[in-house]
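Chains as they are written, first to last, in my numbering: chain A, 1 to 914; chain B, 1 to 153.
Derived from the structure by calculation, the hints contain no laboratory data.
One or more hints might be untrue.
Some chain B residues well away from chain A (every beta-carbon gap over 12 Å; in silico) [what the hints assert, rightly or not]:
{"id": "1", "residue": "Glu4"}
{"id": "2", "residue": "Gly46"}
{"id": "3", "residue": "Tyr57"}
{"id": "4", "residue": "Glu146"}
Derived pair list, reagent style DSS-like, types lysine-lysine, alpha-carbon separation capped at 27 Å [claimed, not checked]:
{"id": "5", "chain 1": "A", "residue 1": "Lys488", "chain 2": "B", "residue 2": "Lys47"}
{"id": "6", "chain 1": "B", "residue 1": "Lys90", "chain 2": "A", "residue 2": "Lys408"}
{"id": "7", "chain 1": "A", "residue 1": "Lys408", "chain 2": "B", "residue 2": "Lys5"}
Ideal placement from N, C-alpha and C gives every residue a C-beta, glycine not left out.
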Amino acid sequence: MVELTIDGKTVEVEEGTTVFQAAKSLGIKIPHLCYHKHLLPTGACRLCLVEVEGARSLVASCACPVSPGIKVMTNTDRVINARKMVIDLLLSDHPQDCLICEKNGDCKLQNYAYQLGVRSTSFKGERHVYPIDSSNPFIERDYNKCILCGRCVATCATIQRNNVVDFAGRGFETRIATYFDRPMQESNCVFCGQCVGVCPVGALTEKEAKFKGRSWEFSKVTTTCPYCGTGCRFDLNVKDNRIIKVTPSWDAPANQGRLCVKGKFGLDFVNREDRLKTPLVRRNGELQKAGWNEALDLVAKKLSGIKEKHGPDSIGGLCSAKCTNEDNYIFQKFMRAAVGTNNVDHCARLCHASTVAGLATAFGSGAMTNSIDEIAGADCILVTGSNTTENHPVIALKIKEAVNCGAKLLLFDPRSIELADWAHLHLRQRPGTDVAWLNGLMNVIIAEDLHDKDFIRERCENFEAMAETVAKYTPEYVESITGIPADKLREAARIYATAKAASIIYSMGITQHSHGTDNVLCCANLAMLTGNVGKPYSGVNPLRGQNNVQGACDMGGLPNVYPGYQKVADEAVRAKFEKAWGVKLPANPGLTLTEMINAAGDGRLKALYIMGENPMLADPDINHVKEALQSLDFLVCQDIFLTETAALANVVLPAISFAEKDGTFTNTERRVQMVRKAIPPVGESREDWQIITEVSKRMGYKMVFRVPDEMPVRSAVKTAKGYRMAYRIPDLIMAEIAKLTPSYGGISHSRLEKEGGLPWPCPNPTHPGTPYLHGDKFTRGLGLFSAIEFKEPAELPDEEYPYTLTTGRMLYHFHTGSMSRRSKGLDEIVPEGYVEINPADAADLSIEDDQFVKVSSRRGQIDVKAKVTDIPPQGVVFMPFHFAEAAANVLTNPVLDPVAKIPELKVCAVRIEK
Amino acid sequence: MEREKTDKLQAVIDKYKGVKGALIPVLQEVQDLFNYLPDEALRAVGKGLKVPLSRIYGVVTFYTQFHLVPQGKNSIHVCTGTACHVKGAKKMLERIESLLGIKDGDTTEDFKFTLKSVRCVGTCFLAPVMMINEDYFGELTEKKTEEAIKQYN
């Protein structure tokens, strides 16, 4: 510790602390322009100058570490004059158009000019006249206002690691520039907007927010992003019930202020004109506006009628990975208690059902073993089947941070994705051969005696069977299956096995196969074999796709489990829920999503209630899905837009978006975080849980929410008789969840608001949450090795369909595009779908870039633009599935993994014609 | 880009791969090769040395020795530093401008000459002075200037 004096006050701080930070700890605010707590100090702006007794000149406090006994003065005349001079000089080349500047009221330069009393500049001379660049849809760049603090440069270089801009020119001509001063959209910019977030002046602003309000007019609501599973927190800036812009929430646990283009600029779908505003009922074949009572009565009457005539199992329900935990809890409670069936599932079936099944088998818990933050601390990261940069951009930053600190990145991916530039080894397996190379890695590790024998003996079981199976997967044999060179596989195995902390990160490239569960079990095998699980930084980390897909699973939005993965088939568990919900519950596990679609097709399922899901784009073999949905007697869709699926419904119920609701999302690292209401409901739309409880009541099952004794009062409402305690219903729903779900036992809204997010398991109100799982023992007791043999994908390329199609997502769009394609900027950047084709294949087929091609499989055909690129290897083509007019899932194969019932979305055979 | 030059470019990059602080020497050699720094060459340098393009652009625009547009075969640097200024550098510059029919900073249409005024070239005792490529021409008069340029025509 170091002791020093600042403005006469003595303070003791840790060695290495800067004078700036020491002053801050005393509550002394030092003006600064270039310093930002998330960036390394550069001492560039000279505004944070302080006087140190005995020092020759003034010192930049942000870049000056403390020394013992120094006497610092932050407020002397000398210091004030120096600061005034800095502001004076900056104003000499700064347009003082505060009257119409977006940054007015939130501008550091303006604030300091005010505080120091600098009215205008005392210098006369040349001023810059730069053209304003508003050529991209997101960021307006007005470098006339730039003060060259370098925050944007440092952010792009050290946080986003894209280096889009840097200082160019010199002297008076110094400016912030992209390569060749080109517009940002021609650079490698990914429009994360973090440069806008750190800009202290009005040089970088949100284009769409222009002239729509200034800082003091906004109410800021901190909430959680509705796009991917990272769980980024941000501040919605709201004026007149509209989201004007999104600003960073710097202390957010999952993202520390970082965002991607979708979270920063893609939320304008909330205020879109085509939001559903009233219920719709199909009359004479057409969806027409209806009142809430009519619609709810109709839904209840129809469902009750079908239940009576065909039994409760003729009804199915899809809950939603987009809705809150509270909504999903109520939905599955409704299906189980009111309808009386376990036919409840959601799109997790299509993304990580094999993770839930596989990791539950191996470890006892089907979720990320570690927190997102821990990724940065791993020494080796094996990424496979995850295009992290595009699909979980903020998590990719953690991977890059780790690589920057010396970690080795092993990338197993057929495509040459962006992470390949960061990888120590990029090994390109033939699609669908993951079991082979994973077994190959284990073969090498065992053959070279690199496995962790203590861990295997003390913590695991069934090692011998696994070892026997992998014995034949020599690197040479694996090369013959996967195409990965044997020596490279050996090298990868050694790196993984000898790392102090190795983490496996995977996503749908592993799970969406007819042998997806096998793939997951192999990942678990590999981690256990080397003792890389149950400790910080190392583990098995499936990145979940949707904002609340983890939560929807946790809440029992699955046909075989109640909330907290408590099995419906377990009598004691069922008795607990029967007692809590006051009704007899069905004992047999229900149908999965993919099975429900088939059951609808063959007439076993009569009615389907879909909340916030769009199977008409998300599911494989869309033509079949459409036929199935059309053959239902009754289809109810509850959504914020008239999606491709809702367009087929008998009744459409308008729900509210994330920006209008209170509740929680659980992100991919199991962290439960608050979602907070920022604007009132659009039109007559209602909360999802509320709609369902209304239907439930009309079907004869009334849901009552009790206030637990220990629950703190949220607010007091003034009534004629005095004050009445008020509770929000979602708070009460969470209380019920906590009571029935051991892993959520200690979670409450009041705690989340006070403490930020809590990663489950969090069994009691004083438990701090669990960043990494399986510490002392696995959830299931001993970790279970599985002996897995390699199986080929169900459909391989042949003469008729010679190419392998693999599908996925891309940065600028999300899932079925119902949100992202309604965002003006996102749609402007990527307005249409495409199929990536290797240049060699394109030459064979005489296909040129941007040319329309026909892509067909045994299930259907679509027309789509070709993108000729060396990202996919020869023989493999790639399509994102976001685009209804070129829907990749018309082509995909609905064959299922026998355990998890996840379809093989990652491999099918296609033909390509001009 | 011609094949021969592409190969040479790759050789330059390969020579400096993994060497710390190699960017400036690489840029100098690449400029010797092309006589300026073409976009494609800079991209190859960025990829080869793992240096971001924005940083390369920053370096290239910081130093006056680097050029982003094709330069004349011969470069004329007219010193306009203090000593030369006093001794009539401006007049010399104007003379060359009218002689070549171009303005300061431009290149002649036949790409024979690029004209640039620079600050001190460090030979004030020769003022007014200009450099053509690596050669110094001092104590210039209009006549001397014309003759010097003719040698390179």
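Going down the list of hints, with the structure as the test:
1. Here Glu4/B stays apart from chain A, with its beta-carbon at least about 24 Å from theirs, past the 12 Å limit.
2. The Cβ of Gly46/B does not lie farther than 12 Å from every Cβ of chain A; its closest approach is about 8 Å, which violates its non-interface assignment.
3. At the 12 Å boundary, the C-beta of Tyr57/B falls inside the reach of chain A, the nearest C-beta of that chain being 5 Å off.
4. Every Cβ of chain A is farther than 12 Å from the Cβ of Glu146/B; the closest lies at roughly 33 Å, confirming the non-interface assignment.
5. Between Lys488/A and Lys47/B the CA atoms are separated by roughly 23 Å; this keeps the pair inside 27 Å, and the hint holds.
6. For a cut-off of 27 Å, the pair hint linking Lys90/B to Lys408/A is broken: about 59 Å separates their Cα positions.
7. This hinted pair does not check out: Lys408/A and Lys5/B have alpha carbons roughly 35 Å apart, beyond 27 Å.
The earlier numbered hints that this structure contradicts are 2, 3, 6, 7.
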